[in-house]
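A.B. asks: Chain by chain, the residues run as shown.
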Amino acid sequence: MKYSIRSARAQDCRDIERMIMELALYEKMPDQVKISHKELERDGFGPNPFYQCLVAEVPEERSSAEGHTVVGYVLYYYTYSTWSGRCIYMEDLYVMPQFRGEGIGKALMASVAKVCREQQCVRLQFSVLDWNKPSLEFYLSKGAQDLTDKEGWHLLRFDGEALESLAEEAP
Amino acid sequence: MDFTIRAATLEDCKDVARMITELAEYEKAADHVEITQKDLEQDGFSKNPFFHGIIAEVPEQHKSKDGHSKVGYSLYFYSYSSFKGRAVYMEDLYVMPEFRGKGIGKALMRKVAQLGLAAGCTQLNFSVLDWNKPSLDFYFSQGCQDVTSDLGYHYLRCEGDALEYLAQGDP
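As they're listed, the protein sequences go chains R and S. Following my numbering, the numbering of the first sequence begins with 1 at its first residue and continues without gaps. Following my numbering, the numbering of the second sequence begins with 172 at its first residue and continues without gaps.
Quick caveat, the hints were computed from the structure, so don't treat them as lab data. Worth double-checking, as some hints may not be accurate.
To spell it out: a stretch of chain S is covered by chain R in this simulated footprint if at least three of its residues, at any positions, have a beta carbon under 8 angstroms from a beta carbon of chain R; those stretches are [what the hints assert, rightly or not]:
#, segment
1, 191 to 203
2, 292 to 304
3, 313 to 321
Because the structure is a prediction, the values reported are computed rather than measured. For each residue, glycine too, the CB sits at the ideal point set by N, CA and C.
I would like the entire structure built from these sequences, with the hints used as guidance.
C.D. replies: What follows is the structure in structure tokens.
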């Protein structure tokens with residue numbers, strides 16, 4: 001078998017941390033990564049996980065130049081739409097460059113779509129950078145809709161000092 | 172006007188369902204609402220809730236012309252950033268029109284920020300339609316960032332047939 005998809009284990013967090021950084025480099029934001037395998041272990045493998053993760057693994061004989069056999073991952077979590085109900089948000093989907101073109105990305109995404117079906121989630125949602133044409137084309141070809149273009153949705157965020165200030169005045 | 176902000180309970184689901192429909196009407200999407208009071212009860216108050224809610228309530232003497240004392244709500248859930256870790260997503264923030272301008276919306280949002288920070292979150296994320304100028308102005312005045320405009324993130328979704336088709340793609 002060329003590769004397999006399985007649920008991540010706590011021991012995979014170092015590989016996931018590595019691949020998160022590789023993805024951040026691709027997205028031109030490596031300085032934005034503030035968490036490490038420690039937070040990933042604490043937040044993904046405790047009694048109330050903040051996320052779920054699947055990894056793609058290749059047999060030993062196909063390992064990367066640096067010796068990695070965990071070569072892709074998808075990180076997702078459950079969300080809720082007050083219109084439609086249970087949903088899943090796919091936070092990251094990544095395959096190491098030397099393992100692309102084999103269908104691993106598609107397989108990871110299909111696996112999450114299957115979880116949607118099993119858990120009665122009616123939507124699979126995610127974000128893509130507007131300059132990331134290869135990814136946008138891939139997703140649109142699979143039937144995804146771009147809600148920013150189509151309906152005008154913008155993602156907004158409070159973090160850092162703005163979030164602290166907001167919380168300070170809470171009743 | 173006096174008001175209180177408190178955690179939503181099972182008994183609040185009827186009012187939350189009412190206000191969800193009111194918010195959808197404002198967003199010109201009333202026919203999009205498919206979930207019911209029962210869905211909210213099952214999905215928000217079971218062992219592994221998909222969401223949490225907070226309610227804004229006014230005293231009896233200030234209730235709405237239709238007799239409602241539950242006059243606003245925010246519905247949120249925990250999410251995860253692979254770069255920054257724990258985050259909170261505010262799915263809905265709504266105050267009945269006759270109770271606006273009294274600081275209830277700000278109080279609800281501040282409560283979500285406070286709860287998020289207490290849970291170790293470093294981001295409060297949410298979405299707004301680009302034509303919704305009153306809401307956009309309100310949020311920017313509170314110090315948030317427009318991740319779509321500033322960073323170029325587009326919000327994508329797979330649902331219905333597209334999601335089913337995706338789930339069928341086997342590794």
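A.B. asks: Looking back at the numbered hints, which does the structure fail to meet, lowest number first?
C.D. replies: none
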